[in-house]
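Let's have the full structure, built from the sequences with the hints guiding it.
Protein chains: 2
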Amino acid sequence: MPDRPRVIIVGGGFAGLEAARALARADADVTLVDRRNHHVFQPLLYQIATAAISPADIAAPIRHVLRTQRNCHVVLGTVTGVDAAAKRLRFDAGMGRGEASVGFDYLVLAAGATHSYFDHPEWESLAPGLKTLEDATEIRRRILLAFESAEYEGDAQRQRAALTFVIVGGGPTGVELAGAIKEIAAATIPADFRNIDTTSARVVLIEAGPRVLAAMPEELARRAHADLTAMGVEVRVGSRVTDINSDGVRVGDDFIAARTVLWAAGVRGNPLGASLGVPLDRRGRVIVEPDCSVPGHPHVFVVGDLALARSADTDQPVPGVAQGGLQMGRFVGRLIARELAAPDSPRPKFIYRDLGSMATIGRARAVADIRGWHLTGFFAWLVWGGLHIMFIVNYRSRIIVALQWFWNWLLFSRDARLITGPASLDIRQPRPEADIRPETSSRTPLS
Amino acid sequence: MPDRPRVIIVGGGFAGLEAARALARADADVTLVDRRNHHVFQPLLYQIATAAISPADIAAPIRHVLRTQRNCHVVLGTVTGVDAAAKRLRFDAGMGRGEASVGFDYLVLAAGATHSYFDHPEWESLAPGLKTLEDATEIRRRILLAFESAEYEGDAQRQRAALTFVIVGGGPTGVELAGAIKEIAAATIPADFRNIDTTSARVVLIEAGPRVLAAMPEELARRAHADLTAMGVEVRVGSRVTDINSDGVRVGDDFIAARTVLWAAGVRGNPLGASLGVPLDRRGRVIVEPDCSVPGHPHVFVVGDLALARSADTDQPVPGVAQGGLQMGRFVGRLIARELAAPDSPRPKFIYRDLGSMATIGRARAVADIRGWHLTGFFAWLVWGGLHIMFIVNYRSRIIVALQWFWNWLLFSRDARLITGPASLDIRQPRPEADIRPETSSRTPLS
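Just so you know, the protein sequences line up as chains A and B, in that order. In this text, residue positions in the first sequence follow numbering that gives the first Met the number 0: the first is 0, and each later residue adds one. In this text, residue positions in the second sequence follow numbering that gives the first Met the number 0: the first is 0, and each later residue adds one.
A few of these clues could be false.
[Said to hold, decoys possible] Chain A side only, calculated, beta carbon under 10 Å to chain B, not exhaustive:
id	residue
1	A58
2	R66
3	C71
4	V73
5	L144
6	S148
7	A185
8	N194
9	T198
10	E233
11	V236
12	R239
13	L381
14	V382
15	R416
[To be verified] Negatives, chain A to chain B, calculated, CB over 10 Å:
id	residue
16	K130
17	R362
18	A415
[To be verified] The following residues of chain B were derived to be distant from chain A, with all beta-carbon distances above 10 Å:
id	residue
19	G76
20	Y116
21	S199
22	T228
23	A336
24	G355
25	A415
The hints are simulated quantities; they were obtained by calculation from the structure and are not laboratory data. All C-beta atoms in this analysis are idealised placements derived from N, C-alpha and C, irrespective of residue type, glycine included.
Pasting the structure below:
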């Protein structure tokens, strides 16, 4: 064991990175472990999924972000479990070496959240969610292949299904995906196709609750709903998805035939939370103490989307947004730094400062609630764009993303329209009733 | 069958795209088929592999490039064979429909080349080559994981192997990869790591022939060799690789322990050429007539890297470079357009105009032979950069690539350092002798 106390941080998202940074001057060995070598600016993942920008534009190598912080090691590895009482972490670093374990003095778990398909794990392959760069390029692949498939399709009904996109979940991600897909179909690609009118593509946004953007003020949610409808997105609130299969989505008594279904409905805490052996909420999040520590284990903290924390002033739960993770990470990092310097100092309680929330709706429109100020339309979009650019971790990304956005905005262009990975049109299981497409079909480009 | 004659072009690389463009005003139905939805600017693939730029920066959707050409359809599909005599093409468009076939009046095969591992197909997974965007991101993944592995590795010998990069093949791709990897290790990432000195990374370039850049004038090859050596790349000419396994590379009597081996040695024609049933050269290329048609099948043409063509003026074989493909594609497209308008017109013979050749060596150095003018150093690099930017098909890419390059040059930065896909450190089969890494190892960041 090293001479200096060891602080291990699991996860290089907003919460983990901020915790590491807050420990920059601490007299400790700080180790940040992540399965990935890169931090991702998650709020813009939907822009990769909709071909507006490239993965590298909103991601940065974690060890590069922390390169000047000499007390910090970055390790690429998969953490497999925590023994909170023994203060040990189990991890697998690959190389066929199997699992190893390592001790810590403080642990900050910032492992984030993953998709939740409630009681339907079989929906995952049919309706991918959006959490990682790989998710984003997979969704991009499906959206682009859907148009390719429609262009090729001879059967009118199947062509219709190929041009139908269903997004499940009306939070910010669902709203942003729906707007962006409609925009691709209506403005970016119509001239590229010969056999289909992409402007006729149907985009359906399904929300089980009474309105979209449930976390935002009702006035803004109404505006977002109206903006989406004006763009041609079908918004269905109060609608529950009861089945997803390879032909489409069942919503109550209605079946929507759709080739592309995307999941923006539920998240749950990373399974790592369960290995702590403490109570979780129904979404798998660790219910933490006011100082973000785990009940009974004052040296183990959980921050970010994996934590169910309450702001000490309002007793309201901290929302699962970037700001929540950032603030909790910074809070815990500072708390540990202070405690290392003065072991007997009393611990503060976490207070969440709500800086507001926002969502974009297609090109150059947004809704924003910034400390009570309600912004809509183009002005809200400008504020949204400016704030997001400011927050991007990596300086170079900031400039490139700004340029790219401006360019896209000027030209309606989405230049990252690449289908990578498996390039065939089979994104679902082959249908048993599949037939060889007759060469004589009048809609076939090849006949 | 449509009323207008049908021209099918297979492949959306330089040759296929130019053939399609040359047919823009022809009274024909032009169909371009490709397995991928995008054209890739292959000469810059090595920059993706070395994390300087993103895939979307040098790729563009084929149907977008051809969107204004109303007589042209673009189809995403895999061509599986050609029946030249019956003028039919077999293809698989996915969707579980199996194979279909379609007739043509003219066929232009521009299916390109793939890697050749000579008689060692088992080397492919150990030493990937660089032909597609997927190849490039896979190579990027291996290079970046090698440094991660070295950082984590406790055993000095294995750490050394992780920091050793062997590139097989001293053509432009090999030279460019070797220079860029050395530059990453020496300039881009040293500050990111704690346990290793990345500047000590060993980059070995192995060439079987007597010199690197065999296709360029000897003076320039000598200069490139000297420039590489000055950068710290070990250049071994006249050295033949006799074995590649998961521990490294055997070169004659010498074994170089290396975790990362890249293949830039051999290419052969796409297997589709063999389905024509005409003579191929030993590299699987179709030996074409002076008008680029296939012997005995005047309506079937082969252009680009899949063809072995000879320039009618010099009788020299056309080199497998972008310019060769561009010029052959344009020649055949124009020939078909003319023949459709005037069926009895005599066919011209293809003449290759050698515009020169060039290769970059790390940051801001290159060698270039432009119509007999020999350029070296920074000036050659400027010319190289300018010409490449000019040639990039998609206008927007041109600007972004220019900005990115300039930025990289200014800051030594390589901002696309993302490990996507499988993120574990296992890029080879797990070694049977693998042991759990002891926590007490002094070099381990986690212990």
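Check each numbered hint against the structure and report the violated ones by number, ascending.
7, 9, 10, 11, 12, 13, 14, 18, 19, 25
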